[in-house]
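Engineer: The lines below spell out each chain.
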Amino acid sequence: SAVISQKPSRDICQRGTSLTIQCQVDSQVTMMFWYRQQPGQSLTLIATANQGSEATYESGFVIDKFPISRPNLTFSTLTVSNMSPEDSSIYLCSVEGPKGKETQYFGPGTRLLVL
Amino acid sequence: AQKITQTQPGMFVQEKEAVTLDCTYDTSDPSYGLFWYKQPSSGEMIFLIYQGSYDQQNATEGRYSLNFQKARKSANLVISASQLGDSAMYFCAITRGTSYGKLTFGQGTILTVHP
Chain U
1 SAVISQKPSR DICQRGTSLT IQCQVDSQVT MMFWYRQQPG QSLTLIATAN QGSEATYESG
61 FVIDKFPISR PNLTFSTLTV SNMSPEDSSI YLCSVEGPKG KETQYFGPGT RLLVL
Chain G
116 AQKITQTQPG MFVQEKEAVT LDCTYDTSDP SYGLFWYKQP SSGEMIFLIY QGSYDQQNAT
176 EGRYSLNFQK ARKSANLVIS ASQLGDSAMY FCAITRGTSY GKLTFGQGTI LTVHP
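Residue numbers (this note's numbering), protein chains in the order written: chain U, 1 to 115; chain G, 116 to 230.
Don't take each hint at face value.
What the hints assert, rightly or not - Straight-line distance between alpha carbons at most 20 Å, and here's what the computed EDC-like set of lysine to aspartate or glutamate pairs gives:
| no. | chain 1 | residue 1 | chain 2 | residue 2 |
| --- | --- | --- | --- | --- |
| 1 | U | Lys101 | G | Asp170 |
| 2 | U | Lys99 | G | Asp170 |
| 3 | G | Lys185 | U | Glu86 |
| 4 | G | Lys118 | U | Glu58 |
| 5 | G | Lys118 | G | Asp144 |
| 6 | U | Lys101 | G | Glu176 |
| 7 | U | Lys7 | G | Asp170 |
| 8 | U | Lys99 | U | Glu86 |
| 9 | G | Lys131 | G | Asp170 |
| 10 | U | Lys99 | G | Glu159 |
Note that these hints are calculated values from the structure, not bench results.
Same shape as in the complex, but just chain U:
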């Protein structure tokens, strides 16, 4: 199984600031995915990050608010820009399992609280 780490694990930020979340995978993967889980809610896909191309955003999410980088096949960052209290959530990155293994592995998540 893929081992995924995220930094920071949690943070408390002031409104109007930005936070960059890092996601590291222990193997090379083509696509990485970013999800958001608002308090008491389910997970929602923010965007898909492909190495060497622009990230693809889901409806309701825009690049200016959630810029994503994917510099290589094992690493990605998600920035939450100009934060407001509504951005308080758990942010999780994930990767698909290897071919023949139908699964998706999630990182431990980053708990963000915006004051």
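Given chain U's structure and the hints, the job is docking chain G onto it.
Structural biologist: Just chain G now, kept in the frame of chain U:
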């Protein structure tokens, strides 16, 4: 668009008993997959079981089995011999076509196992 419905906000079960968590779905994709994840209070997403839409048999993984009824568009999770450690939030999710990374999640069911 895909949609997942989990109609049980909370479920209670006695230790060592079996419990069924309901999940119905809607999709226009001819081929798709269904996942169940467990999310304990720590927030991590733990993969439990996967069912492909063309799999002939219902999936099983240890104490977890999936009661897949394609015509009824349901994919209920059965946990046998419940343990105290099974107390958690459980999410059902459906793939977007055959992309395991792009998941649509249900609202979740909180399972409480009583001793």
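Engineer: Evaluate each hint against the coordinates.
Structural biologist: Going through the hints against the structure:
1. U/Lys101 to G/Asp170: The given pair, whose Cα atoms are some 14 Å apart, holds under the 20 Å limit.
2. U/Lys99 to G/Asp170: Holds: lysine 99 of chain U and aspartate 170 of chain G sit about 17 Å apart, inside 20 Å.
3. G/Lys185 to U/Glu86: violated (38 Å)
4. G/Lys118 to U/Glu58: At roughly 15 Å apart (the allowed maximum being 20 Å), glutamate 58 of chain U and lysine 118 of chain G satisfy the hint.
5. G/Lys118 to G/Asp144: Given pair lysine 118 of chain G, aspartate 144 of chain G holds - Cα atoms ~12 Å apart, limit 20 Å.
6. U/Lys101 to G/Glu176: Holds, at roughly 14 Å.
7. U/Lys7 to G/Asp170: violated (38 Å)
8. U/Lys99 to U/Glu86: Violated. Lysine 99 of chain U to glutamate 86 of chain U sits at ~37 Å, over the 20 Å cutoff.
9. G/Lys131 to G/Asp170: Violated, because 29 Å separates the two Cα atoms, which is more than 20 Å.
10. U/Lys99 to G/Glu159: violated (23 Å)
Checked against the numbered hints given earlier, the structure breaks hints 3, 7, 8, 9 and 10 and satisfies all the rest.
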